[in-house]
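*Asks:* All chains should be modelled from the sequences, with the hints used to inform the complete structure.
Counted from 1, the sequence shown has number 63 at position 63 by full-length UniProt numbering; the numbering is strictly sequential.
If you are wondering where the hints come from, they were derived from the structure by calculation, not from laboratory data.
Please read these numbers as outputs of a predicted model, since none were measured by experiment.
Be careful, since some hints might not be right.
Said to hold, decoys possible - Distance condition first, Cα-Cα at most 27 Å in a straight line; then the derived DSSO-like pairs of lysine-lysine: (1) Lys238 / Lys253; (2) Lys274 / Lys238; (3) Lys190 / Lys456; (4) Lys343 / Lys332; (5) Lys343 / Lys227; (6) Lys227 / Lys274; (7) Lys343 / Lys253; (8) Lys63 / Lys30; (9) Lys190 / Lys332; (10) Lys227 / Lys238; (11) Lys227 / Lys215; (12) Lys343 / Lys238; (13) Lys253 / Lys190; (14) Lys425 / Lys456; (15) Lys394 / Lys425; (16) Lys253 / Lys274; (17) Lys63 / Lys456; (18) Lys215 / Lys190.
Stated by the list, open to error - Cβ pair distances, simulated, as ranges: (19) Asp331 / Phe182: 22 to 30 Å; (20) Pro41 / Asp331: 54 to 62 Å; (21) Asp67 / Asp328: 17 to 25 Å; (22) Glu45 / Lys108: 49 to 57 Å.
Ideal Cβ positions, reconstructed from N, Cα and C, are used throughout, including at glycine.
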Amino acid sequence: MVYGVIVSNRSFFPDHLVEEGRAELLALLKEMGHEVVTLTPQDTELGAVETVADGDKCAALFKSRQDIEGIICCLPNFGDEVAVSTAIRRSGLNVPVLVQACDDALDKMDLANRRDAFCGKLSLCSVLRQNGIPYSLTQLHTCAIRSPEFRADLERFAGICRVVNGLRRARIAAIGARPTAFQTVRYSEKLLQRDGIYVTVCDMAEMIGRTEALKEEDPRVVQALRKLTGYAPSPAAKPEERVRIAKLYVAMKEYLQENNCDAGAVQCWDALEKYYHCAPCVVMSMLGQEGIPLACEMDVMGAVSMLALRLAAGLAPGYMDWDNNYGDDRDKCVNVHCSNYPKDFFGGPIDEVGHLDILGTTLGRENCFGACKGRVAPGEMTFMKASTDEFTGKMRAYMGKGEFTDDPLNSFGGVAVCHVPGLQKLLHTLAEEGFEHHVALTRGDCLSILREALGKYMGWELTVHEG
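*Replies:* Structure (structure tokens):
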């Protein structure tokens, strides 16, 4: 991560606190692997921002570094709120901002050591708000730079920056047309583009043409076959089915790379099954494992949701249906898809790559090899789904967290039993608000990152389920 760092000073507070705080912060960020863009003591007194003139110098520096992904404001003492807000506003950067203020020590409240950053933080936040600059806070109002709490704040802030910057320059592939009956996956490209999310479209005929142009002996296909063999067992597969999957993997990956796509949505049925005679699920799983999440049923908003989760958690997300009740336990449900989950989302090895179960009954089992089957392992999870609301001209999303459980279940495909406290309340909200039956999920808890990134910085209208 590349951070612009502003260390602020107020002239009648002790200078040594600024020198020490600046050195501590820069050392910590370096230890955590981040690059820092900041004023030096040759640029301003102590390398700090104390006056409006200092703010202008800082703004010019930041403006020259458009690769800055976030700004960290550090108050070793009270600081100067006007100088800091000037630096941010005049830089023109539209990136997340973190405000940190240092603790006072009870035995160092004398004139030589007093900070008053506790108070200065309130002043800075007030002026940032007056200037229309959104900002993030540390979990404690004040904290030591070397505290575990601040390190956790920095890790969370990095996630926020990844989501915001990643979405604002995202390219989403739309491969094929949506299933005719699935009006639930309709969306507005114009609303996405307003937030910097660009959609590139590939006709399914082009994708099939790319695959059919590949020869079985092509080194890329041979390598893809080896990758498929090592990825998951496929005991029921015929050799020709495996070759078709390998060719599709090569064609789809090359298209995504050529178009610099960060995520995508695929018409996973029924054109591929009818005209190319395979299901793309395992290809989508493998590409998701490699860092390019792919949503089913040409659900572009699902791809956006999966990308947000991947950026927040750094893990491969999955895409599921809210599918069935779990007996009489109203806080649990069954989530299912055919499936295309990456290996890491399963939380362990994939049981097998086989044939589509439900679609195979109508499309022909011989046309449906490629589905990843298995049970999602227990563990905490975060879920979300974004939508475009053309009636209000807004982006909106719902999100929450829960857990995958190990409750018994006799089913097929890629399955999970999910426990979400207050599930009935969530489902009522989804139904009342017209949210879709698809949901993106990732292992772990990244809810606070998503909430801050999408609500505060992206300006999306959020529904956050909290049980």
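*Asks:* Determine for every hint whether it applies to the structure shown.
*Replies:* So, going through the hints one by one against the coordinates:
Of the pairs offered as hints, the one joining Lys238 and Lys253 holds, with about 23 Å between alpha carbons and a cut-off of 27 Å not exceeded. Annotation: proposed proximity of Lys274 to Lys238 holds, straight-line Cα distance about 17 Å (limit 27 Å). Restraint check for Lys190 and Lys456: the C-alpha separation of about 21 Å stays at or below 27 Å, so the hint holds. For the hint pairing Lys343 with Lys332, the CA-to-CA distance comes to about 23 Å; that is within 27 Å, so the pair holds.
Only pairs whose Cα atoms come within 27 Å are accepted, and Lys343 paired with Lys227 is accepted, the gap being roughly 13 Å. For the suggested pair Lys227 and Lys274, the alpha carbons sit about 25 Å apart, so the restraint of at most 27 Å is met. Between Lys343 and Lys253 the CA atoms are separated by roughly 17 Å; this keeps the pair inside 27 Å, and the hint holds. For the hint pairing Lys63 with Lys30, the CA-to-CA distance comes to about 22 Å; that is within 27 Å, so the pair holds.
Of the pairs offered as hints, the one joining Lys190 and Lys332 is violated, with about 37 Å between alpha carbons and a cut-off of 27 Å exceeded. For the proposed pair Lys227 and Lys238, the alpha carbon gap of about 16 Å is at most 27 Å, so the pair holds. Taken as a hint, the Lys227 and Lys215 pair is honoured in the structure, with Cα atoms around 17 Å apart against an allowance of 27 Å. In summary, the hint linking Lys343 to Lys238 is supported, as the alpha carbons are separated by about 22 Å, within the 27 Å threshold.
Straight-line distance between C-alpha atoms of Lys253 and Lys190 comes to about 26 Å, which keeps the hinted pair within the 27 Å bound. A threshold of 27 Å between alpha carbons decides the hint, and for Lys425 with Lys456 the separation of about 24 Å falls inside it, so the pair holds. Proposed proximity of Lys394 and Lys425 is supported: the alpha carbons are some 24 Å apart, at most 27 Å. Taking the CA atoms of Lys253 and Lys274, the gap is near 21 Å; set against the 27 Å cutoff, the hint holds.
As the CA atoms of Lys63 and Lys456 are separated by approximately 23 Å, the hinted pair is consistent with the 27 Å bound. Between the alpha carbons of Lys215 and Lys190 the distance comes to roughly 39 Å, so the proposed pair goes past 27 Å and is violated. Here the CB-CB span from Asp331 to Phe182 is close to 28 Å, well matched to the stated 22 to 30 Å. Checked against the hint of 54 to 62 Å, the pair Pro41 and Asp331 passes, with Cβ atoms roughly 58 Å apart.
As the Cβ distance of Asp67 to Asp328 is approximately 54 Å, the hint placing it in 17 to 25 Å is violated. In this structure, Glu45 and Lys108 break the distance hint of 49 to 57 Å, their C-beta atoms being roughly 23 Å apart.
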